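Participant: Sequence:
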Amino acid sequence: AGGALAVAGATTGAGAAGAAAGAGGAAAVVERILAALDEPLNIADDELRIRASIGLADGWADADATELTRRADVAMYQAKAAKSGWARFAPEMDAPAADQARLAAGLRDGLGRGDFRLLYQPIVTLPSRRIDGVEALVRWHDPERGVIPPDRFIPVAERSGLIVPLGRWILREACRQAAAWRNAYGTAAPSRVCVNVSPRQLDEPDFVDDVVAALTDSGLPAEYLVVEVTETAVFNGGLAVSSLVALRALGVRVALDDFGTGQSSLGLLLTCPVDILKVDKSFVDGVTEPGDRAVIVEFLAQVARGLSLDTVAEGVESVGQAEKLQELGYRKAQGYLFSRPVPGDELAESFRPRRAVASLR
Numbered sequence: 001a002g003g004a005l006a007v008a009g010a011t012t013g014a015g016a017a018g019a020a021a022g023a024g025g026a027a028a029v030v031e032r033i034l035a036a037l038d039e040p041l042n043i044a045d046d047e048l049r050i051r052a053s054i055g056l057a058d059g060w061a062d063a064d065a066t067e068l069t070r071r072a073d074v075a076m077y078q079a080k081a082a083k084s085g086w087a088r089f090a091p092e093m094d095a096p097a098a099d100q101a102r103l104a105a106g107l108r109d110g111l112g113r114g115d116f117r118l119l120y121q122p123i124v125t126l127p128s129r130r131i132d133g134v135e136a137l138v139r140w141h142d143p144e145r146g147v148i149p150p151d152r153f154i155p156v157a158e159r160s161g162l163i164v165p166l167g168r169w170i171l172r173e174a175c176r177q178a179a180a181w182r183n184a185y186g187t188a189a190p191s192r193v194c195v196n197v198s199p200r201q202l203d204e205p206d207f208v209d210d211v212v213a214a215l216t217d218s219g220l221p222a223e224y225l226v227v228e229v230t231e232t233a234v235f236n237g238g239l240a241v242s243s244l245v246a247l248r249a250l251g252v253r254v255a256l257d258d259f260g261t262g263q264s265s266l267g268l269l270l271t272c273p274v275d276i277l278k279v280d281k282s283f284v285d286g287v288t289e290p291g292d293r294a295v296i297v298e299f300l301a302q303v304a305r306g307l308s309l310d311t312v313a314e315g316v317e318s319v320g321q322a323e324k325l326q327e328l329g330y331r332k333a334q335g336y337l338f339s340r341p342v343p344g345d346e347l348a349e350s351f352r353p354r355r356a357v358a359s360l361r
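Residue 1 is where the sequence shown starts when you use the UniProt record's numbering, and the numbers rise one by one after that.
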């Protein structure tokens with residue numbers, strides 16, 4: 001009918017088609033694509049599923065091919081955020097898209113300026129509350145926007161691909177700080193530093209090389225580093241799991257973060273190389289009350305013991321929670337009860353001599 005159609009799909013990039021059979025025909029094509037992708041792929045003995053988000057934009061004289069492709073890209077991110085499979089571009093989608101574009105540009109500039117810093121939240125032993133390790137958490141202070149919370153900029157970094165250079169910086173800075181503590185305080189320093197690794201980083205062919213470079217340049221022994229990954233990041237196996245296997249061979253430890261919230265938690269313990277389970281705060285919140293959450297928290301502790309895995313309870317905020325977790329067999333915990341995330345120099349005050357972290361609250 002003389003129209004034009006653009007389609008964008010994550011994460012395969014964008015494609016454009018010329019003549020389209022109207023809006024209904026375009027939607028039907030998209031539905032067929034999603035149905036085809038929903039069929040599992042059998043590779044060797046593994047069954048893999050592909051998840052896709054598709055954006056659709058159709059227009060007439062008001063848009064050329066470049067603009068149509070941009071609109072389809074905007075719609076794709078809308079579909080991804082809504083977990084709806086696909087979405088058709090509408091003008092009102094442009095406002096948040098423009099804001100995200102500005103945020104991505106600010107991220108890029110901020111990496112160049114050095115606007116990012118790391119805070120460290122202690123992981124303590126129970127009941128002594130002595131620091132066993134720390135989790136490195138990135139913060140962004142933009143000179144114009146002020147402090148931008150991670151839940152705003154991390155998703156933008158993921159979508160734009162900037163999570164790769166940002167994650168590389170986080171890894172190097174965390175290793176540098178951990179090595180500096182070790183050199184200054186010896187056995188009083190934390191015995192491990194935990195670094196969150198995004199799914200996008202795990203899919204990078206050079207990820208293992210990045211980790212090796214961070215360890216080598218800082219002088220930090222591999223056994224002092226823990227990489228934290230989510231269940232979603234390793235759900236489909238592939239390069240992500242291969243990278244973790246390679247890191248464990250070097251001595252790096254692997255933690256499954258937010259454990260219990262993914263789609264196949266227990267199955268992952270059989271397929272993913274893992275040393276530590278970090279039990280999600282959503283379960284810890286209900287641990288002192290009778291009910292399903294307390295049962296799950298106890299069950300996860302039993303599973304971890306049976307598999308010789310360490311456990312860390314996340315998001316501990318009350319003495320009652322800490323006492324109940326200890327009763328259920330948890331020996332390590334993390335949360336605002338013990339300390340908020342703090343700068344490295346502030347945390348180091350607790351290393352002289354090594355003591356409990358109650359003063360950091």
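Everything labelled a hint here was simulated from the structure, so no lab data went into it. Here the structure is a predicted model, which is why all the values come from computation and not from measurement. Heads up, some of the hints might be wrong.
Stated by the list, open to error - Below 20 angstroms or equal to it, Euclidean Cα-Cα: the simulated EDC-like pairs (lysine to aspartate or glutamate) are:
hint: 1; residue 1: Lys-332; residue 2: Glu-158
hint: 2; residue 1: Lys-332; residue 2: Asp-275
hint: 3; residue 1: Lys-83; residue 2: Asp-132
hint: 4; residue 1: Lys-83; residue 2: Glu-67
hint: 5; residue 1: Lys-83; residue 2: Asp-94
hint: 6; residue 1: Lys-332; residue 2: Asp-285
hint: 7; residue 1: Lys-281; residue 2: Asp-142
hint: 8; residue 1: Lys-332; residue 2: Asp-310
hint: 9; residue 1: Lys-83; residue 2: Asp-38
hint: 10; residue 1: Lys-324; residue 2: Asp-310
hint: 11; residue 1: Lys-324; residue 2: Asp-285
hint: 12; residue 1: Lys-83; residue 2: Glu-144
hint: 13; residue 1: Lys-332; residue 2: Asp-217
hint: 14; residue 1: Lys-83; residue 2: Asp-142
hint: 15; residue 1: Lys-332; residue 2: Glu-317
hint: 16; residue 1: Lys-83; residue 2: Glu-231
hint: 17; residue 1: Lys-83; residue 2: Asp-115
hint: 18; residue 1: Lys-324; residue 2: Glu-346
hint: 19; residue 1: Lys-324; residue 2: Asp-275
hint: 20; residue 1: Lys-332; residue 2: Asp-38
hint: 21; residue 1: Lys-324; residue 2: Asp-345
hint: 22; residue 1: Lys-83; residue 2: Asp-151
hint: 23; residue 1: Lys-332; residue 2: Asp-206
hint: 24; residue 1: Lys-281; residue 2: Glu-323
hint: 25; residue 1: Lys-281; residue 2: Glu-223
hint: 26; residue 1: Lys-281; residue 2: Glu-314
hint: 27; residue 1: Lys-83; residue 2: Asp-64
hint: 28; residue 1: Lys-281; residue 2: Glu-327
hint: 29; residue 1: Lys-324; residue 2: Glu-349
hint: 30; residue 1: Lys-281; residue 2: Asp-258
hint: 31; residue 1: Lys-83; residue 2: Glu-158
hint: 32; residue 1: Lys-332; residue 2: Glu-314
hint: 33; residue 1: Lys-281; residue 2: Asp-292
hint: 34; residue 1: Lys-324; residue 2: Glu-289
Participant: Take the hints in turn and mark each one as holding or not.
Facilitator: Structure-based check of each hint:
1. Lys-332 to Glu-158: violated, 30 angstroms
2. Lys-332 to Asp-275: Judged against 20 angstroms, a Cα distance of about 14 angstroms means the pair holds.
3. Lys-83 to Asp-132: Distance ~38 angstroms between Lys-83 and Asp-132 Cα, so the pair is violated.
4. Lys-83 to Glu-67: Violated: Lys-83 and Glu-67 sit about 24 angstroms apart, past 20 angstroms.
5. Lys-83 to Asp-94: The given pair, whose Cα atoms are some 19 angstroms apart, holds under the 20 angstroms limit.
6. Lys-332 to Asp-285: holds, 16 angstroms
7. Lys-281 to Asp-142: violated, 29 angstroms
8. Lys-332 to Asp-310: holds, 8 angstroms
9. Lys-83 to Asp-38: holds, 14 angstroms
10. Lys-324 to Asp-310: Holds, at about 17 angstroms.
11. Lys-324 to Asp-285: holds, 11 angstroms
12. Lys-83 to Glu-144: Violated. Lys-83 to Glu-144 sits at ~32 angstroms, over the 20 angstroms cutoff.
13. Lys-332 to Asp-217: violated, 30 angstroms
14. Lys-83 to Asp-142: Given that 20 angstroms is the threshold and the Cα spacing comes to 30 angstroms, the pair is violated.
15. Lys-332 to Glu-317: The given pair, whose Cα atoms are some 14 angstroms apart, holds under the 20 angstroms limit.
16. Lys-83 to Glu-231: holds, 17 angstroms
17. Lys-83 to Asp-115: violated, 32 angstroms
18. Lys-324 to Glu-346: violated, 29 angstroms
19. Lys-324 to Asp-275: violated, 23 angstroms
20. Lys-332 to Asp-38: Status violated; Cα separation ~40 angstroms.
21. Lys-324 to Asp-345: violated, 32 angstroms
22. Lys-83 to Asp-151: holds, 18 angstroms
23. Lys-332 to Asp-206: Distance ~32 angstroms between Lys-332 and Asp-206 Cα, so the pair is violated.
24. Lys-281 to Glu-323: The hint holds at about 15 angstroms.
25. Lys-281 to Glu-223: violated, 26 angstroms
26. Lys-281 to Glu-314: Judged against 20 angstroms, a Cα distance of about 5 angstroms means the pair holds.
27. Lys-83 to Asp-64: violated, 28 angstroms
28. Lys-281 to Glu-327: Distance ~17 angstroms between Lys-281 and Glu-327 Cα, so the pair holds.
29. Lys-324 to Glu-349: Outside the cut-off at roughly 29 angstroms; violated.
30. Lys-281 to Asp-258: holds, 7 angstroms
31. Lys-83 to Glu-158: Within the cut-off at roughly 16 angstroms; holds.
32. Lys-332 to Glu-314: Status holds; Cα separation ~9 angstroms.
33. Lys-281 to Asp-292: holds, 14 angstroms
34. Lys-324 to Glu-289: holds, 10 angstroms
Comparing the model with each numbered hint stated earlier shows that hints 1, 3, 4, 7, 12, 13, 14, 17, 18, 19, 20, 21, 23, 25, 27, 29 do not hold.
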